[in-house]
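Following the hints, complete the assembly by docking chains B, C, D, E and F onto the known chain A.
Protein chains in written order, with the working numbering: chain A, 3 to 240; chain B, 3 to 240; chain C, 3 to 240; chain D, 3 to 240; chain E, 3 to 240; chain F, 3 to 240.
To be clear, the hints were calculated from the coordinates, so they are not data collected in a lab. Every residue, glycine too, gets a C-beta built ideally from N, C-alpha and C. One thing to keep in mind: the hints can contain errors.
Unchecked claim - With the C-beta cut set under 10 Å, the calculated list includes, among others, these residues of chain D facing chain F:
hint, residue
1, Tyr26
2, Gln112
3, Val113
4, Glu130
6 protein chains.
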Amino acid sequence: MPLSQSTRNKLKTVSTATICTALYKRGLRNQMIQDVRPLDPSKPTMVGAAFTLRYMPAREDLNPVTVFQDRLHPQRKAVEECPPGAVFVIDSRRDPRAASAGNILVTRLQVRGVAGIVTDGGFRDAAEIAKLDIPSFHNRPSAPTNLTRHQAIDINVPIGCGDAPVFPGDVIVGDADGCVVIPADLAEEIAAETVEMTAYEDFVTEKVFEGRSILGLYPATDEQSKIDFAAWRRAKGR
Amino acid sequence: MPLSQSTRNKLKTVSTATICTALYKRGLRNQMIQDVRPLDPSKPTMVGAAFTLRYMPAREDLNPVTVFQDRLHPQRKAVEECPPGAVFVIDSRRDPRAASAGNILVTRLQVRGVAGIVTDGGFRDAAEIAKLDIPSFHNRPSAPTNLTRHQAIDINVPIGCGDAPVFPGDVIVGDADGCVVIPADLAEEIAAETVEMTAYEDFVTEKVFEGRSILGLYPATDEQSKIDFAAWRRAKGR
Amino acid sequence: MPLSQSTRNKLKTVSTATICTALYKRGLRNQMIQDVRPLDPSKPTMVGAAFTLRYMPAREDLNPVTVFQDRLHPQRKAVEECPPGAVFVIDSRRDPRAASAGNILVTRLQVRGVAGIVTDGGFRDAAEIAKLDIPSFHNRPSAPTNLTRHQAIDINVPIGCGDAPVFPGDVIVGDADGCVVIPADLAEEIAAETVEMTAYEDFVTEKVFEGRSILGLYPATDEQSKIDFAAWRRAKGR
Amino acid sequence: MPLSQSTRNKLKTVSTATICTALYKRGLRNQMIQDVRPLDPSKPTMVGAAFTLRYMPAREDLNPVTVFQDRLHPQRKAVEECPPGAVFVIDSRRDPRAASAGNILVTRLQVRGVAGIVTDGGFRDAAEIAKLDIPSFHNRPSAPTNLTRHQAIDINVPIGCGDAPVFPGDVIVGDADGCVVIPADLAEEIAAETVEMTAYEDFVTEKVFEGRSILGLYPATDEQSKIDFAAWRRAKGR
Amino acid sequence: MPLSQSTRNKLKTVSTATICTALYKRGLRNQMIQDVRPLDPSKPTMVGAAFTLRYMPAREDLNPVTVFQDRLHPQRKAVEECPPGAVFVIDSRRDPRAASAGNILVTRLQVRGVAGIVTDGGFRDAAEIAKLDIPSFHNRPSAPTNLTRHQAIDINVPIGCGDAPVFPGDVIVGDADGCVVIPADLAEEIAAETVEMTAYEDFVTEKVFEGRSILGLYPATDEQSKIDFAAWRRAKGR
Amino acid sequence: MPLSQSTRNKLKTVSTATICTALYKRGLRNQMIQDVRPLDPSKPTMVGAAFTLRYMPAREDLNPVTVFQDRLHPQRKAVEECPPGAVFVIDSRRDPRAASAGNILVTRLQVRGVAGIVTDGGFRDAAEIAKLDIPSFHNRPSAPTNLTRHQAIDINVPIGCGDAPVFPGDVIVGDADGCVVIPADLAEEIAAETVEMTAYEDFVTEKVFEGRSILGLYPATDEQSKIDFAAWRRAKGR
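Isolated chain A (complex conformation) (with noise of 0.2 Å):
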């Protein structure tokens, strides 16, 4: 079931907050992959389909500097596979300490079209990734070369990223909270509600910043509430 242009469009517009509830009301507690952030915070909301690549911890003897003139290495290979529009996902098993990749492969990912990068793991050349335009989500900075501590091993495989599941095809979406794996299957419908949800929340936002309590509000538990926010749809279009 691939991301249509309709959802992607919807999920640019909400926050990753939302999607969590949505997800939350379906039983789905660990989407989000944690402790992971922006390297700008103030880019785009990120969305597109997990390509997913896989790290495992790296043995001195088979990684001499030397592995990457092998046009194979499945890290290569994966930058250069990835599709535009997805966003690339590695598993970097929750280890900073050093990197999942620089500015020369996120530099090529962004030409590439790919919607964005997030590893559990950190980037080297932080700075300069973070001004790029593709969206860029890690632990935090790290310098040492990736073969230092990871090889890559698998390419679009069910992972784990930040203690989150990922599948290959899963919605990926990031903002300044992080970002959060939506089920393929789910996409379209979370869409549809955290659109719906995000008028409600922006509505209840307005009226709280206009002075109004939350009991009754948020949740609309009084039936003025909900009159209210019809009102207030009409009058937005929304």
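Then chains B, C, D, E and F, alone, in the frame of chain A:
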């Protein structure tokens, strides 16, 4: 012993670092809320008496999304009851894997005149909260709804926050270094003492920028340092 | 083997990531000071020979506030003795629960011409330190006075900092990714090699922005990549 | 809903692992008290209703050794009030750096007929406590007096222990794997169900020792497994 | 390169510590499976070729208890397919909050002739597993069913276990210190070398008990040490 | 102030828990070596003056296996120089990922009459070390040679061990709860005081086993408790 306006005003002009030193002189070593940071480090210093909320781990069957339809739910009740001028302090058991609160509740606290909010967990909608006028402090952004891991259970009881003891009414001061807890009955004398200490530190900083050695100056073991400081105070009117 | 001006100048133009790769080629995998970040990531690259200070855990009876009245207290003595151009490196045993130093000491280091300061603990007055010209690196802000947990015990001995070995005289380089430790006797050759590597990386980045694949280019396994790079160097005068 | 003798007796014959599976079927995933172990793993299974004690971080001025001269000190009061047959559960905020209790208090609990004690911190005099008849569970031994880090603040309120929610009256079961929390109103049905599950597990274990594959047997997807189990029950009188 | 009986027999007589030193001489520093311990430290040394199972984080909707009714479920399939003489190694992402396996599966492995089992998570029914003949290693006991946090996803692929790289066929050796991973193609030479090293270590231990200094003896920098060792070997027939 | 035989004998009869309380009364809260345990908890209490060894992180090029051929290597030198009756304390920076020492060195310490050994890292050959007569304490077993992560750099300097300050000559006491550090100049008075405290604790334990409440007894706020204790002492001859 309520926090007087005079004490509040004094504390707004001093740093958490200076307060920690004053507390240290009295044998209080664990008053810093550990590993908590401002969402917007450029905000003015936060000062207020602690109003507390205690979370326990959430049990799935007790925490459907519908619990918030109860107007007496402790989280929502606490937000409506926290006194203007107070600091809302949440014991999230140092667990940022789910949100302690989000943008709407924090906005409501701001509108109600609350002086600030602190959790040793994390906030969702962190970018929006950072833009509010109310100062806010947490460990890291966290999008999952608080029901995922937290159940609000007690209002305004003694709690731990970031390994520091917090009693209702203790005075919380927060700046770019984080938040410190001043026992209520010490607030006035700490305020007075730290204003004095700050004057000396400002004098020292100025002299150090002018090239003077810290030896004999910081602390003032040279008689000349005391003489110069007296002159500086007169000149500055402090 | 003192750090020459020429080596210092070269190192100011390269990244910690590139240096890590050069060290990795020589079998040195643990030279990155782990989990340390710049207080102001926009500062120029820090370069200098390490001058070290070792902290041990503080014992309450030995660390009243009055210890700083002793002009020979190792922390204060070290600040006055650190040579201009050096980097002041503190072994805080990766414990940021109390400050490694504050604004006044760091200002004094700046005035004395010190090139930078690094701790694997935290600084107090972090916002002020960030505004100084001197580059500074720590784990996170920490307001409690260093006496709360740290006792300065040794000046300019070999230490650990962020799990990396640091010998006095080793060359410390710091940028937005953090700080790396170059063994003193390797500094000159690493500087020369990384300047060359940086030229190639800049060339690659430019080509990748232009749309070229990384395969055959990074590393330069295609003959054409080498030819193009030679032309690029001539054109750029590098 | 008090714990009946019949339910208690049943729970004494089943394992925490089996109970966890029964809770999991009901959507309860966080009922295991994490990272807690028996001081003597060879003791019989502990069963009892939770009587709780909540610790907050200790403040130095409030916790001189003399506080225990107060007969109303919550720690001492709780030890004298915990009902016979109950399990004494302490919320130590997962901090074993100071003791949750020591040999004398645990001995008193034993003499008073208490069924067991659990903390997510540590006990002092651990070797002596291990030799008592009363089952005890902690994270690791910890000699410092509890005043060093803990202040008893609340008796028999809902708490967290090892990241699990514990409400007074919940049924705690402990064996070599650790401790699990059964919500009070589920205890009877969980006891009944796990006795049944245990019978099947014992049958399976016997068959596996005899050489049978787990496929079709565990779980019983082969019809023959059900037939054999029925025969086994008749033969064993279970 | 399958593990020969001769190599297996040699490795059963040496320690993981000696093997680590032999690997260290070859530049392999990360072959110890970190933070894993035997359930019964008194068992003989475990030796076997790695057969691996990879877990990813569990997603709630994909992991009802009924998944085990599928005979092709990778966890159950792996248990039936692991070759006799092999060591079953599970990548649990260092997460012991739910079980990696329990008594029935481990018993089945024993009956099938498997040489041992290792996880960097935890086992449930730990006391029963400890009593089996098959050696077992984990981080700590963990009662919750593995579905709570783990989903078996891949059989016999390269994995990480306790931060060490494990390729299928690598030779796993386990004793009271834990488990070490010998790359398959080094097993024979490491076995031969460590048998020799062990002879010398046994000789040294005997001499040290007799009162000899370690200087010149360990390592054998004194000529006399070598002469004495040669005599000792002749006397002992080693 | 050397440790007298009389003080040593007294300390052998008291527990680390009682010593911690006596230190706490003097304002010393951080003297417990955190997260360290005996390899054999059934050994008699260890007592001796601290002789220290400091490790820094290992740098690969400085730590080939051949470094031990140098008779002046600090680790080997320290083992030969540690005085009989002393406790050998190693600062391993709380890193047990490589061994602090192994069986041969610990055996040599035993033969030389050393009173015990403590590291905040781990020992290799842990099962053999546990069987020696010399008491030993560590975090967990660790097979990799110490060169993998540690370089011995300083002998008998002030160190941190398990977050506690250790000065050469401080008195280390170790039992099943772990190890505590008594400042050298307090050892005699702490020994005297804790012998007295232990008498009272033994009396209390006996009374509690007989059924007496802890209120009024522990601490002795009831006059009767003091009278009974006096009688008990006379009867027991203590």
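Hints versus structure:
Hint status for D/Tyr26: violated, given a least beta-carbon distance of 30 Å to chain F, over 10 Å. With a least beta-carbon distance of about 9 Å to chain F, the hint placing D/Gln112 at the interface is held under the 10 Å criterion. Because the closest C-beta pair between D/Val113 and chain F is about 6 Å apart, less than 10 Å, the hint holds. Given hint, D/Glu130 at the interface with chain F, holds; its Cβ is 8 Å from that chain's nearest Cβ, closer than 10 Å.
Of the numbered hints listed earlier, the single one contradicted by the structure is hint 1.
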